[in-house]
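Use the sequences and the hints to build the structure in full.
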Amino acid sequence: MTDNSTPLSSRHVIDRLGIVIFALAVAGLFCPFVLFRANRIVAGEARYALDALPGWPGYFLLAAVGTGAVLALLRLDSRLRLAVSFAALAILAVGLGWAVDSVTPAGDKISRTAPALGFWLELLAFGLLAADSVVRLGLKPLSRIALLIAVSVAIATILLSGIWSDLSVLREYANRADVFWREAATHIALALGSLVAAALVGLPLGIAIHPTKRLRAVVTGLLSAVQTIPSIALFGLLIAPLAWLAATVPAAAAIGIAGIGAAPAMLALFLYSLMPVVSNTLAGLDAVPPAANVAARGMGMTDAERLLQVQLPLAFPSILAAIRIVLVQNIGLATVAALIGGGGFGVFVFQGVGQTAMDLVLLGAVPTVALAFASAVILDAAVELVSVKGRT
Amino acid sequence: MIEIEHLSKFFDETCVVDDVSMTIPGGALAVIVGTSGSGKTTLLRMINRLVEPSSGRILIDGKDISAIPPHELRRQIGYAIQGHGLFPHRTVGQNIATVPHLLGWDAAKVSARVEELLDLFQLDAAEFRDRYPSQLSGGQQQRVGVARALAAAPKLLLMDEPFGALDPIIRARAQEDLRQIQQRLGTTIVLVTHDMNEAIHLGDRIAVMDRAKLLQYDTPQEIVIRPATEFVGELLGSGERPFRLLSLQPLRPYIEPGEAPGAALDVDASLRDALEEALWSGRAAVPVRDGAGKTLGRVTLATAIRQAARPQ
Amino acid sequence: MKIGALSRLAVLILLGVFLARPDWFGWLFTPLTRNGQAAIYTQNSLLNLTLNHLAIVAAATLAGSIVAIGLAVLVTRPAGREFLPLSRTLANAGQTFPPVAVLALAVPVLGFGAAPTLLALFLYGLLPIFENALAGLASVSPDVQEAARGTGMTDGQRLLRVELPLALPTILAGIRISAIISMGTATIGSTVAASTLGETIIAGLINSNLAFVAQGALVVGALAIIVNTSLFAIERHFSRYRRDQR
Chain A
0 MTDNSTPLSS RHVIDRLGIV IFALAVAGLF CPFVLFRANR IVAGEARYAL DALPGWPGYF
60 LLAAVGTGAV LALLRLDSRL RLAVSFAALA ILAVGLGWAV DSVTPAGDKI SRTAPALGFW
120 LELLAFGLLA ADSVVRLGLK PLSRIALLIA VSVAIATILL SGIWSDLSVL REYANRADVF
180 WREAATHIAL ALGSLVAAAL VGLPLGIAIH PTKRLRAVVT GLLSAVQTIP SIALFGLLIA
240 PLAWLAATVP AAAAIGIAGI GAAPAMLALF LYSLMPVVSN TLAGLDAVPP AANVAARGMG
300 MTDAERLLQV QLPLAFPSIL AAIRIVLVQN IGLATVAALI GGGGFGVFVF QGVGQTAMDL
360 VLLGAVPTVA LAFASAVILD AAVELVSVKG RT
Chain B
0 MIEIEHLSKF FDETCVVDDV SMTIPGGALA VIVGTSGSGK TTLLRMINRL VEPSSGRILI
60 DGKDISAIPP HELRRQIGYA IQGHGLFPHR TVGQNIATVP HLLGWDAAKV SARVEELLDL
120 FQLDAAEFRD RYPSQLSGGQ QQRVGVARAL AAAPKLLLMD EPFGALDPII RARAQEDLRQ
180 IQQRLGTTIV LVTHDMNEAI HLGDRIAVMD RAKLLQYDTP QEIVIRPATE FVGELLGSGE
240 RPFRLLSLQP LRPYIEPGEA PGAALDVDAS LRDALEEALW SGRAAVPVRD GAGKTLGRVT
300 LATAIRQAAR PQ
Chain C
0 MKIGALSRLA VLILLGVFLA RPDWFGWLFT PLTRNGQAAI YTQNSLLNLT LNHLAIVAAA
60 TLAGSIVAIG LAVLVTRPAG REFLPLSRTL ANAGQTFPPV AVLALAVPVL GFGAAPTLLA
120 LFLYGLLPIF ENALAGLASV SPDVQEAARG TGMTDGQRLL RVELPLALPT ILAGIRISAI
180 ISMGTATIGS TVAASTLGET IIAGLINSNL AFVAQGALVV GALAIIVNTS LFAIERHFSR
240 YRRDQR
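Residue numbers (numbering that gives the first Met the number 0), protein chains in the order written: chain A, 0 to 391; chain B, 0 to 311; chain C, 0 to 245.
No wet-lab data here; the hints were simulated from the structure.
Keep in mind the model is a prediction, meaning the values are calculated, not measured.
One or more of the hints may lead you astray.
Below, a sample of chain B positions facing chain C; criterion: calculated Cβ distance under 7 Å [claimed, not checked]:
| hint | residue |
| --- | --- |
| 1 | 49 |
| 2 | 67 |
| 3 | 70 |
| 4 | 73 |
| 5 | 82 |
| 6 | 84 |
| 7 | 86 |
| 8 | 87 |
| 9 | 98 |
| 10 | 128 |
| 11 | 131 |
All residues carry an ideal CB built from backbone N, CA and C; glycine is no exception.
Set out below in structure tokens:
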């Protein structure tokens with residue numbers, strides 16, 4: 000029992016997080032909205048919202064953001080707060096497109112205009128408001144996925160509509176659209192391929208070592224040691240054996256195994272993925288109630304039947320949780336593959352760092368983060384769904 | 000002495016303690032008994048200000064407790080709860096020393112006190128002092144919990160279902176220990192339980208609560224003989240009332256001179272024990288002896304049966 | 000555990016000798032070179048790179064621990080409780096950001112060198128510590144909290160004597176996870192010109208000299224394992240009260 004004796008008179012109309020959001024949004028209004036550079040190399044010139052959006056659109060944007068900030072202050076229904084945040088974000092998105100459009104000289108193809116501090120602060124403020132509303136709504140798993148799809152569709156619509164086509168990141172994209180989709184495919188292949196391989200190996204491995212205490216200790220010890228090796232180091236360490244393999248076994252070279260490239264990246268991601276799969280399989284099997292095992296034996300199930308009908312179904316939520324961990328981890332780690340020529344979104348990130356072209360970094364980083372985030376939301380929802388089902 | 004005056008507590012709109020008044024004399028063991036949700040725990044927690052009353056007041060030895068800062072008040076009052084609430088990261092010795100440390104006792108005094116208490120609860124200091132709670136059995140954990148509550152020699156001890164997590168045999172031992180320790184130290188104890196047996200067994204005074212109200216506050220005898228409401232009667236269990244009454248009566252006043260066959264009862268036993276013994280062994284009377292083994296006389300089955308009837 | 004401590008010591012000694020006298024081990028790396036490339040990286044002393052690497056990781060982890068534990072304490076007090084659900088979600092969502100992205104995005108703010116690496120390590124390292132500190136503080140049982148209040152501890156005493164000590168093993172696990180992630184991210188810090196052990200690996204990749212790659216990777220790997228097992232030993236020490244349960 001907790002102490003509920005605090006007086007309830009403190010239930011005021013101002014929301015505490017709202018104060019933070021209000022402060023961020025208002026601060027954002029006093030910061031530059033976009034940054035214009037005549038070309039990729041020169042220093043940028045800051046443009047405030049009213050400069051970038053002359054006339055009524057500028058005032059409308061300021062008024063909309065201001066209203067949103069004030070509404071965020073108030074203790075309103077969470078659904079209303081979510082609507083306010085989405086409206087503000089939509090207005091900001093369109094406003095950004097217009098601002099970039101009006102700042103960019105007509106017909107110009109080499110200038111680069113990017114969002115500036117003001118825009119980022121507004122994005123942070125209303126993003127926080129949206130996140131907080133979603134958390135407070137306590138959405139069910141399927142509703143969360145639906146919301147994710149709705150947001151994805153909205154973003155896709157904005158991208159396809161061309162409102163943002165003069166935005167610096169999208170100009171970088173336009174210059175290398177083919178490469179972008181090729182690297183995207185590589186990235187996903189790396190992350191998913193290593194996950195599938197790890198699941199195919201890790202699950203039987205976990206089941207096999209589950210009964211033997213010594214074997215468990217050895218295998219989990221080894222795998223967790225692998226996990227502590229920094230990614231770039233593991234990628235690097237794998238180059239040597241694979242180069243040797245490619246040099247000595249022609250068949251290996253023929254199927255694309257080489258010291259540098261996707262092969263060591265794939266192998267490294269696979270090794271990283273094994274630990275969560277194996278340890279969660281073990282934990283899932285451990286969590287099977289002893290009574291269920293005894294009852295299954297008592298009913299005359301063979302070991303195989305018991306595994307398939309009792310143990311694995313009960314361990315499934317735990318195994319699915321491992322898939323979530325591995326997928327999110329792999330999507331992030333796959334960026335490092337670019338350093339050893341393995342491709343993926345990391346190519347843009349490291350090229351961007353090399354050329355001090357932040358737009359290029361964003362072109363690699365934003366899709367990576369979006370992919371990881373979407374996978375996390377979907378798999379979290381899935382884990383919740385199967386766990387709830389298992390309990391009732 | 001604890002005086003509770005017109006005490007009420009509301010959580011949001013629901014009333015959990017409704018206008019309760021009672022006085023607990025110094026040195027008494029008062030038991031608050033009731034079903035879960037009756038408000039008994041809230042009433043207890045208002046005595047050390049873990050919960051603040053909505054209205055009414057509590058005086059301890061004439062002083063209004065709302066004038067004492069909560070943490071200072073609590074350091075003067077022992078508090079033991081179900082599942083003992085021992086700090087898992089501290090050893091037995093450190094757990095017991097919690098309040099003495101908060102009160103700033105010097106190390107030697109604390110150490111001596113810890114030893115004294117472990118001794119009092121029949122735990123070997125050398126063996127148990129440096130163990131962690133997870134290394135103790137349930138009964139040992141419970142004893143350490145009470146020892147911790149008594150560490151600073153409080154004049155008042157509050158106990159919330161202290162024996163709730165124990166199995167019946169260990170529970171009976173723990174109850175016996177508590178009675179002895181209370182008699183020895185003269186501590187005033189307020190104990191909350193849902194178990195009427197425990198209440199009758201331990202209490203000098205019993206307060207029966209139901210749905211936020213205090214239904215009856217009286218001696219165990221009065222509660223058994225004259226339950227104030229039907230609910231109190233139900234709580235006692237109608238089939239067991241004569242036996243409860245007998246269990247409250249010591250043998251001594253009913254010893255008569257004469258012989259009886261078979262094994263003797265100890266003089267500290269109750270009439271209920273005598274009845275059971277006589278019925279079970281098929282005897283019309285059982286001999287009674289004192290602690291030294293000297294036979295004092297006998298108690299007859301007829302006496303026991305007569306005393307089981309409801310006094311008019 | 001004796002064997003663990005011994006092998007940890009052995010790895011540490013081997014690493015120390017290698018860092019002090021890398022040239023003694025040249026023969027080991029020569030087979031990895033081609034066309035008479037140098038077998039040992041000499042642009043920068045391996046010892047300096049290692050110390051730099053460790054310093055950056057230690058500074059970021061320390062700062063991250065202080066801030067993360069402070070925040071976790073704040074949002075678990077009655078005054079900050081309103082921020083708890085959101086901050087938990089943010090910490091969770093924040094960890095879906097790849098450390099590399101955080102690192103790359105810190106460059107425009109701070110330029111090249113150690114500074115963006117430090118910032119990225121600090122920001123990213125916050126999250127696991129914060130999450131674990133929250134979990135640790137939340138896991139203190141209501142019974143124990145109640146008993147602490149009942150014994151007359153003030154709010155501050157309760158935090159310092161009961162809640163934080165009980166949450167410590169979980170918090171330490173968070174610090175360990177954070178430090179290990181930082182060890183790896185610091186390596187990638189070399190791509191933004193931070194002077195860390197990643198330098199040898201990147202140099203090896205650029206010059207196709209596997210010897211450089213291998214020695215950088217081996218040193219980082221050994222460091223990571225030593226740091227991990229040492230922090231794990233500390234963690235075990237502080238959770239000793241949980242063992243030997245009856």
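Here is what the structure says about each hint:
1. This hint holds: residue 49 (chain B) has a C-beta 6 Å from the nearest C-beta of chain C, less than the 7 Å allowed.
2. Checking residue 67 (chain B) against chain C: minimum C-beta separation of about 11 Å lies over 7 Å; hint violated.
3. About 5 Å separates the beta-carbon of residue 70 (chain B) from the nearest beta-carbon of chain C, less than 7 Å, and the hint is met.
4. The beta carbon of residue 73 (chain B) comes within 3 Å of a beta carbon in chain C, closer than 7 Å, and the hint placing it at the interface holds.
5. Checking residue 82 (chain B) against chain C by beta carbon gives a least distance of about 5 Å; that is within 7 Å, so the hint holds.
6. Proximity of residue 84 (chain B) to chain C holds as hinted, the smallest CB-CB distance being about 3 Å (cut-off 7 Å).
7. Interface restraint check: residue 86 (chain B) against chain C, minimum CB-CB distance 6 Å, threshold 7 Å, status holds.
8. Annotation: interface hint on residue 87 (chain B) holds; nearest CB of chain C at approximately 6 Å, less than 7 Å.
9. Among the interface hints, the one on residue 98 (chain B) holds; its C-beta lies about 5 Å from the nearest C-beta in chain C, closer than the 7 Å criterion.
10. A hinted interface residue such as residue 128 (chain B) counts as satisfied when its beta carbon comes closer than 7 Å to some beta carbon of chain C; here the least separation is about 14 Å, so the hint is violated.
11. The closest approach between the C-beta of residue 131 (chain B) and any C-beta of chain C is roughly 4 Å, which is under the 7 Å cut-off, so the hint is satisfied.
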